[in-house]
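**Student:** Single-letter residue listing:
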Amino acid sequence: AQKITQTQPGMFVQEKEAVTLDCTYDTSDPSYGLFWYKQPSSGEMIFLIYQGSYDQQNATEGRYSLNFQKARKSANLVISASQLGDSAMYFCAMREGSNTGGFKTIFGAGTRLFVKA
Amino acid sequence: GAGVSQSPRYKVAKRGQDVALRCDPISGHVSLFWYQQALGQGPEFLTYFQNEAQLDKSGLPSDRFFAERPEGSVSTLKIQRTQQEDSAVYLCASSQQGRFDNEQFFGPGTRLTVL
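Note that the protein sequences, when read in sequence, are chains L and V. Just so you know, we're using the working numbering here: the first sequence kicks off at 30 and counts up by one. Just so you know, we're using the working numbering here: the second sequence kicks off at 409 and counts up by one.
These are computed hints drawn from the structure, not numbers from a lab. Just so you know, not all the hints are guaranteed correct.
[Claimed, not checked] 27 Å max Cα-Cα, derived DSSO-like pairs, lysine-lysine:
#, chain 1, residue 1, chain 2, residue 2
1, V, Lys465, V, Lys486
2, L, Lys32, L, Lys145
3, V, Lys422, V, Lys465
4, V, Lys486, V, Lys419
5, L, Lys32, L, Lys102
6, V, Lys419, V, Lys465
7, V, Lys465, L, Lys32
8, L, Lys133, V, Lys422
9, L, Lys133, V, Lys486
Could you build all of it, start to finish, from the sequences and the hints given here?
**Tutor:** Listed below in structure tokens is the structure:
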């Protein structure tokens, strides 16, 4: 069965420093996609970055990069040069390409990030 | 263009009442998803539409939950005889296609409180 694990309920980081948010996943489907979303206190889910299971390179989007270690089934999010506006909940999510037709997205429990001035 | 919109943003219902939550996806998006997010947790998948066809409703928690998208655009999630455990934020998302690598665009959610 699909599973996403985020083991850090809360994280603190100093402004301008980098932070890594952990995510491990479990799937038997060779074809899957991994997503990170940010959810500020306003509640809206904001897409940050995507990594496909067959992608050779780690995904990057501006200050966001995804440390994809396929053999370890981990997809950690790295935020560089943290800003006060990065304070939010962060969710790791997965969609399988074969087993469920790509419809069902499984989310982790989330990590709340606090950026200190 | 406009993003995904949901209405109402907040809904308070007495236990036993029926409620209807509306989602307007991004124009032209084929795929539409509904999620339930309990306080302090990640979203839980409820159901998926491709155009007007409901291809997956495996996440609907009971037969009190019903979703439709009759013309392949606007969708309504209906909850009959609401219970306190139905209190949550209901998120709608749309994407251009149903491919697993497609980005989903989320609406602001409807916060349902059942008293």
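**Student:** Indicate, hint by hint, whether the structure satisfies it.
**Tutor:** Taking the hints in turn, this is what the structure says about them:
Restraint check for Lys465(V) and Lys486(V): satisfied, since their Cα atoms lie roughly 13 Å apart, inside the 27 Å limit. Using a Cα cut-off of 27 Å, the hinted pair Lys32(L) and Lys145(L) is violated, with the two alpha carbons roughly 31 Å apart. In summary, the hint linking Lys422(V) to Lys465(V) is supported, as the alpha carbons are separated by about 26 Å, within the 27 Å threshold. Between Lys486(V) and Lys419(V) the alpha-carbon distance is near 13 Å, which keeps this suggested pair within the 27 Å criterion.
Distance check on the hinted pair: Lys32(L) and Lys102(L) sit about 11 Å apart at the alpha-carbon level, within 27 Å; holds. Simply put, Lys419(V) and Lys465(V) have alpha-carbon atoms about 23 Å apart, close enough for the 27 Å limit, and the pair holds. Between Lys465(V) and Lys32(L), the direct Cα distance comes to roughly 19 Å. Compliance with the 27 Å bound is thereby established for this hinted pair. Distance hint between Lys133(L) and Lys422(V) is unfulfilled; the C-alpha atoms sit about 31 Å from each other, more than 27 Å.
At roughly 20 Å between alpha-carbon atoms, Lys133(L) and Lys486(V) fall within 27 Å of each other, so this suggested pair holds.
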